[in-house]
Amino acid sequence: MGQKKQRGKEGNAANYTTRNQALIRLQIKLPEFRRLCILKGIHPREPKKKVHGHNKTYYHVKDINFLLHEPLLQKSRDIKAHEKKVKKARAKLDEALADRLKANAPKYSLDHLVRERYPSFIDALRDLDDALTMLHLFATLPADSKHRIPANLVQTARRLSLEWQAYITKTHALRKAFVSVKGIYYQAEVVGQKITWIVPHALSQVLPEDVDYRVMLTFLEFYETFVEFVNFKLYHSLGLKYPPALDTKLEEVAAELAAAVSSLAGETDSPQTGGQLENGAGASGRGEEDSAEGPPEGEKLVALKEKLGVSVAAGGDANGGVEEAGPWGGGEAEEDEGEDEEDEETKACRGLFKGLFFFLAREVPHESLLFLIRAFGGSVSWEGEGAPYPESDERITHQIVDRPTQGHRFLSREYVQPQWVYDSVNNRLLLPTEDYPAGGSLPPHLSPFVDNEAEGYLPEYAEQIQRLRDAARGSLGGVLPLPGGAEEGLEEGAAAKAAAERGEDLAAAAKAAEVAKLEQEYLEDLRKEVAGVPYSATLGGGATEERDEGGAEDEADEGGVSGKVTDGARAEDDDKAMERIMMPRKTKKLYEAMQMGIAAKKAGVDSLKKKRKAAAAGKLNVVKKPRGA
Amino acid sequence: MARQGKRKAGDVREPSNGTTDPESSDEGDLLEGNASDDEGALSDGSEGGLVASSSEDEGALASEEEGSDPESDGEGESDEENEDGEIGEATEELAQAVQDYYLERDAREGEEAENGELVRGQEEVGVSGRGEEEERRGAGEERFGPHVDESDSSEDERPDRNTVGNVPLEWYKDEEHIGYTKHGKKIIKQKRKDELDKFLKQADDPKAWRTLYDEYNDEDIVLSKEEIAMIQRIRQGKIPHAEVNPHEPYVDWFEFEDKGQPLSGAPEPKRRFIPSKWEAKQVVKIVRAIRKGWISFDKKPEAPRVYLLWEDDFRTADKTANGLTYIPPPKPKLPGHEESYNPPLEYLPTEEELNSYDLMYEEDRPKYIPRKFDSLRQVPSYANFVKDKFERCLDLYLSPRIRKKRINIDPESLIPKLPKPKDLQPFPTTLYLEFLGHEGAVRTLATDPSGQWLASGSRDGTVRLWEVQTGRCRKVWSLNTPVKFLSWNPNPDRPLLAVVFGRSVLLMGSGTGNETQSEAAAGLVKLQETATGAADEGAVVRWQKSERAEGLEVVHKHDVAHVSWHHKGDYFASTSPDAVSTAVLVHQLGKQQTQNPFRKNHGRVQRVLFHPTRPFFFVATQTHVRVYNLAKQQLAKKLTAGVNQISSMAIHSGGDNLIIGSYDNKLTWFDMDLSTKPYRTLRYHDSSIEGVAFHRSYPLFASCSDDGSAHVFHGMVYSNLLENPLIVPVKILRGHKVVESEGVLDCAFHPTQPWLFTAGADKSIKLYCN
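Protein chains in written order, with my numbering: chain V, 1 to 629; chain U, 1 to 770.
Just to be clear, a hint being listed does not mean it is correct.
[Said to hold, decoys possible] Under the rule of at most 30 Å between Cα atoms (straight-line distance), these lysine-lysine pairs were calculated in the DSSO-like manner:
1) U/LYS292 / V/LYS194
2) U/LYS300 / V/LYS107
3) V/LYS194 / U/LYS225
4) U/LYS285 / V/LYS102
5) U/LYS404 / V/LYS625
6) U/LYS372 / V/LYS56
7) U/LYS333 / V/LYS601
8) U/LYS173 / V/LYS80
9) U/LYS299 / V/LYS625
10) U/LYS285 / V/LYS602
11) U/LYS404 / V/LYS176
12) U/LYS299 / V/LYS601
13) U/LYS372 / V/LYS624
14) V/LYS62 / U/LYS526
15) U/LYS333 / V/LYS48
16) U/LYS300 / V/LYS601
17) U/LYS638 / V/LYS56
18) U/LYS404 / V/LYS589
19) V/LYS194 / U/LYS285
20) V/LYS88 / V/LYS146
21) U/LYS405 / V/LYS624
22) U/LYS420 / V/LYS576
23) U/LYS331 / V/LYS50
24) V/LYS102 / U/LYS387
[To be verified] Beyond 12 Å from chain V on every Cβ pair, some chain U residues (computed):
25) LYS189
26) ALA289
27) ASP298
28) GLU351
29) TYR357
30) ASP395
31) LYS417
32) GLY437
33) CYS473
34) GLU529
35) HIS558
36) ASP570
37) PHE598
38) VAL728
Hints listed in this document are in silico derivations from the structure and should not be mistaken for laboratory results.
Please read all numbers here as calculations on a predicted model, not as lab measurements.
Ideal Cβ positions, reconstructed from N, Cα and C, are used throughout, including at glycine.
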């Protein structure tokens, strides 16, 4: 006979403790506990039986023991003791001692926590969403003494977010971008992981008072360490130096992303003309990545690249033409050759804006567009200092403007609103620019994150885009012909011509689809004729099948006194009802709940359809900017 | 500030100058001497007075060498003139006050006041200075400062007009000048005015009351408003300066006084002049440490802040540090079209929708209301961004995380896999015949054992006999009382009907069957002498010859609800729920005897049934069914129905399975071999179940309900005990109308065919065939 089990020694009672018990065990106060929990990533758990009461927060005993052995716990005590010493010295007016103490304050680092929480890199990437959103938020916040947001944290956040964006740009890993009212959503795919983050609109942020910034700053502290290590790993995997040396000149003129990107990628938008950015400055900014310049560094990187299984072209390979120069001085050809494992998606992304030259007007969100266009292989310049090429450059194909009126218009380029870039990127397709005229009304901006099929509703513009896509795929097997995509000497009006051509293509594609449908019908008829189905039967449109199926019922109807009692719909309902009769009660409830969900979804879709119909008829009165929203 | 202070202070000093000019230096001494005494306040003023000058005065001072500055003086004057009216009344009083003050003081310091010039000066206060030119006066004001050069302040170094110094003025009494300027020029005396002039001037000049004559400098001095206020304060015995706090916290500057000498006269010890050995040792120690490299002045190279943390080649780890499974935080929902800055029009709310949101509860309201902007330029910053992220942070560290398996199941997969009704035929599917003729709701029906005839009882008080094949009404018995129930004798040789109406059970020959059968039936329904109740009145029932029809009537003491035949057709049991102890009575047709098998019933008895083959008897009360073994005369089983009120009961021909219909819309199937609990409870009717029926030979059962429908089920009972009965709903039969919330009141299967008869409240009987 086994020993009698004692109460509270096993099971939920022994495995879970309340928060207060944990505090007592750890001998710390709640703020310190909160901080530790945030840094260590410990969260409450939900025991099956809440032994100590239902309104309590429960932690797993293992979690608490885990905290108990955390070096940070002791460190925080040391820091507290040290602060007391400094305070004491100050109180005794012993400034010298206080300063000396202060200089030797105990320091701590969080790298062991990153390793602990994310034992593998994939785990780290999975949890990167929140970290990136937070960094991007703090990168836009002011260093505010009132809310105790220190400047160095903000600066680090800014640096890390730029480094991240530079990496994404370099690897063309960006997949989706969506401008919502809440901010700009980006989704990138890194090592097979989809990482989504939100960047607030580039306007000053409201700092609400009912927010505990200490909590956020604790999170930020961890996230900064975390993202820094992730960035290091990512840069390391590319064989790049970390941290990248930023181009000081560009940084000064607040084109920070450009600085980061140019430093990282060694990418020069116009190596021949040089633009305003001198080659020399670019080189200095690029630092050690330029292997062609420093032989030992180059050798190291070459070695690294070999290790990665990448064939290396000669270092002296000139970065020819407008092709972007790889980080090892190799040209485009080498990159294509090397990155065989690069998936289709990345290729599509890299090539989307290839050969296009963009120019950003000053009223469009620079950072977002710069990031987007470069991530999709385009060249971009802007109005202001440090711009790679001026507005008057003849190669510019698209000028992105958001002004209702334009001063001088270059005939050789297209003037589009920023949404064109986002929509094109999301659809991997250069959409017709006529729909996005400067100062004109825009087609709706659709979320790329919606699975339209699961949703059961496809907005009109999505249908339109789908048609365009099909047309493009059908006629050309790829991206639509671009206005002067590869050609250097772009004649005036070529863009318009190309657009017109594309329009024709679309029309042709639609016609082709129609023809195909007719052909299908004809074949069907032929088949029936061969089978000997009478024409009258075919007129019914599948009536034969129905007859086969509902034979029994028909007979029954014939036998009945009156056919009115059972009609088809009723019978169907009855069948369903009968199926449900034999369900156990729990299953029935679940089933009914599911049906309710389905019905609600259907109602939503129906309402959308109804509204769309009304809108098409011009009878829909919507409120564009509801009050209080 | 400083200037103001100076001016005030200087002004205080003036009267004393004016009055005591010959011994002004003495006066200064005197005042300083007083400082530590009771006159501290005054001395403050006078000491300050040494600093003395107003801004105008200083301006004048700058141009002093050329003489006087009329402009600046003029300004000063005009200021004062404005205030004359106010102060005018106090003229005499003030003059008196000034005099009084000095008189008082002189009396106190009598010994020091060596000459009587003070008195003389005072006399002159009243008379002198009137009618003097203002410029001179102004200059005089400036000039009087420096002659109190004992001042410890360096600020008041002002050259005097007169430089004769501290000599008796009477030396110049007979001269035309009163002294010399700095440059050695004579200062010519003013023209003396006679008393009359003085008087007139006093009368004319509004400032005369505050004009003093400075004998030393030979000029008139006009007292300013502040000076007069100060004089008034002095007179009241207050400190002249209003801003001086006489009660400053005491500072003991001379603390050491009673503590002996603070400094030592001892010679410096030698140790102060020779180097410290200990220090030398320390130095040696440090030097040694430096040499050995224990102390290094080189900064340690900092460890790299970031390094390659993950060496893995993108492999996932299967272990966490704390040994618990890692529950990743759920990712936030990705935005849909509605969150776009420029959503499609159909996603935007209409005015009605917006208004409807106001009527909703806070928690039901949509979290986000779509908005549309015409261009990206117009999109404002999102005010809740920080808050949203903060809430996310709170969720991350405060919310308990549970791993929930999201069952992404197809709802259709929840439907149990049952054989298709098509494969379970035959069963009644379609309406074949309608038996019309009753004028009231058809309450009950029964088929005769051969299946040729159908009997039905109605609320119109008639019992009708129908031919099943044709639907022809063969016979009508009019009983004039609503018929509640009827049942055929299961023995085909006894074509008898038991009809329940009111308190009676009527047994009558149905007139079907062949002649011998009819005769046998007629013989059975003849009253015998042995019949219960024929002799004694106290019997539970009375057998009697019926008056309404040709047959026997068993009259109960309470309303009878139901009657049930034994399969042999000799015994039948009646139920009268209202009777408490005689609710169940068993009648023997052959002997026309009645017995009460139960002394006591547990609850209101709803139905009774005989087991089709074995000596078992089922008594259904409202919630339970009790099974009695008639052979052993004991309770065999008690079935718990789990319903509120049993309405009907039917038994499978095998005898092991029982179905129960209830007024709370449930049908329960008991497999008595399995359990006393229901094998299945089905709830599919929308209204109370009125009747249930088993088919005698086909695996079918049916239920009918007040919702106007009858459900037909395939209810297969296997002879293999290991296999549970199979229940499959096969058909829903609709057709009866619901009349006054009554639908189908009874149902019965054809004994040999898979046909179902239903009796409706809409006065019709329907036959459904396969």
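Here is how each hint holds up against the structure:
Between the alpha carbons of U/LYS292 and V/LYS194 the distance comes to roughly 57 Å, so the proposed pair goes past 30 Å and is violated. With a C-alpha separation of about 15 Å, the suggested pair U/LYS300 and V/LYS107 falls inside the 30 Å cut-off, and the hint holds. Simply put, V/LYS194 and U/LYS225 have alpha-carbon atoms about 87 Å apart, too far for the 30 Å limit, and the pair is violated. At roughly 26 Å between alpha-carbon atoms, U/LYS285 and V/LYS102 fall within 30 Å of each other, so this suggested pair holds.
For the proposed pair U/LYS404 and V/LYS625, the alpha carbon gap of about 38 Å is over 30 Å, so the pair is violated. A C-alpha spacing of about 44 Å is found between U/LYS372 and V/LYS56, which places the hinted pair above 30 Å, so the restraint is violated. Distance check on the hinted pair: U/LYS333 and V/LYS601 sit about 17 Å apart at the alpha-carbon level, within 30 Å; holds. Between U/LYS173 and V/LYS80 the alpha-carbon distance is near 88 Å, which puts this suggested pair outside the 30 Å criterion.
Between U/LYS299 and V/LYS625 the CA atoms are separated by roughly 61 Å; this puts the pair beyond 30 Å, and the hint is violated. Restraint check for U/LYS285 and V/LYS602: the C-alpha separation of about 87 Å exceeds 30 Å, so the hint is violated. Straight-line distance between C-alpha atoms of U/LYS404 and V/LYS176 comes to about 29 Å, which keeps the hinted pair within the 30 Å bound. Distance check on the hinted pair: U/LYS299 and V/LYS601 sit about 67 Å apart at the alpha-carbon level, beyond 30 Å; violated.
Taken as a hint, the U/LYS372 and V/LYS624 pair is honoured in the structure, with Cα atoms around 5 Å apart against an allowance of 30 Å. Annotation: proposed proximity of V/LYS62 to U/LYS526 is violated, straight-line Cα distance about 90 Å (limit 30 Å). Straight-line distance between C-alpha atoms of U/LYS333 and V/LYS48 comes to about 27 Å, which keeps the hinted pair within the 30 Å bound. Restraint check for U/LYS300 and V/LYS601: the C-alpha separation of about 65 Å exceeds 30 Å, so the hint is violated.
Distance restraint check for U/LYS638 and V/LYS56: the Cα-Cα separation of roughly 47 Å exceeds the 30 Å cut-off, and the hinted pair is therefore not satisfied. For a cut-off of 30 Å, the pair hint linking U/LYS404 to V/LYS589 stands: about 19 Å separates their Cα positions. Distance restraint check for V/LYS194 and U/LYS285: the Cα-Cα separation of roughly 62 Å exceeds the 30 Å cut-off, and the hinted pair is therefore not satisfied. Proximity of V/LYS88 to V/LYS146 is assessed by CA-CA distance (about 26 Å); at most 30 Å being required, the pair is judged to hold.
This hinted pair does not check out: U/LYS405 and V/LYS624 have alpha carbons roughly 40 Å apart, beyond 30 Å. Simply put, U/LYS420 and V/LYS576 have alpha-carbon atoms about 12 Å apart, close enough for the 30 Å limit, and the pair holds. Our distance criterion of 30 Å between C-alpha atoms is met by U/LYS331 and V/LYS50, whose separation comes to about 27 Å. In summary, the hint linking V/LYS102 to U/LYS387 is not supported, as the alpha carbons are separated by about 35 Å, beyond the 30 Å threshold.
Listed as outside the interface, U/LYS189 is consistent with that label: its C-beta sits roughly 67 Å from the nearest C-beta of chain V, beyond the 12 Å cut-off. The claim that U/ALA289 lies off the interface holds: its Cβ sits roughly 18 Å from the closest Cβ of chain V, which is beyond the 12 Å cut-off. The claim that U/ASP298 is not at the interface with chain V holds, since no C-beta of that chain comes within 12 Å of its own (minimum 16 Å). The Cβ of U/GLU351 sits about 6 Å from the closest Cβ of chain V, inside the 12 Å cut-off, so the non-interface label is violated.
Not every C-beta of chain V lies more than 12 Å from that of U/TYR357, the closest at about 9 Å, which undercuts listing it as non-interface. Not every beta carbon of chain V lies more than 12 Å from that of U/ASP395, the smallest distance being close to 9 Å; the non-interface claim is violated. The claim that U/LYS417 lies off the interface is violated: its Cβ sits roughly 10 Å from the closest Cβ of chain V, which falls inside the 12 Å cut-off. With a minimum CB-CB distance of about 16 Å to chain V, U/GLY437 clears the 12 Å threshold, and the non-interface call stands.
Against chain V, the non-interface label of U/CYS473 holds: every CB pair exceeds 12 Å, the least being about 17 Å. Every CB of chain V lies more than 12 Å from the CB of U/GLU529, the least distance being 51 Å, so the non-interface label holds. Taking the minimum C-beta to C-beta distance to chain V, about 37 Å, the non-interface status of U/HIS558 holds against the 12 Å cut. Distance check on U/ASP570: its Cβ is at least 39 Å (rounded) from any Cβ of chain V, clearing the 12 Å threshold; non-interface status holds.
Taking the minimum C-beta to C-beta distance to chain V, about 35 Å, the non-interface status of U/PHE598 holds against the 12 Å cut. Here U/VAL728 does not stay apart from chain V, with its beta-carbon only about 7 Å from theirs, under the 12 Å limit.
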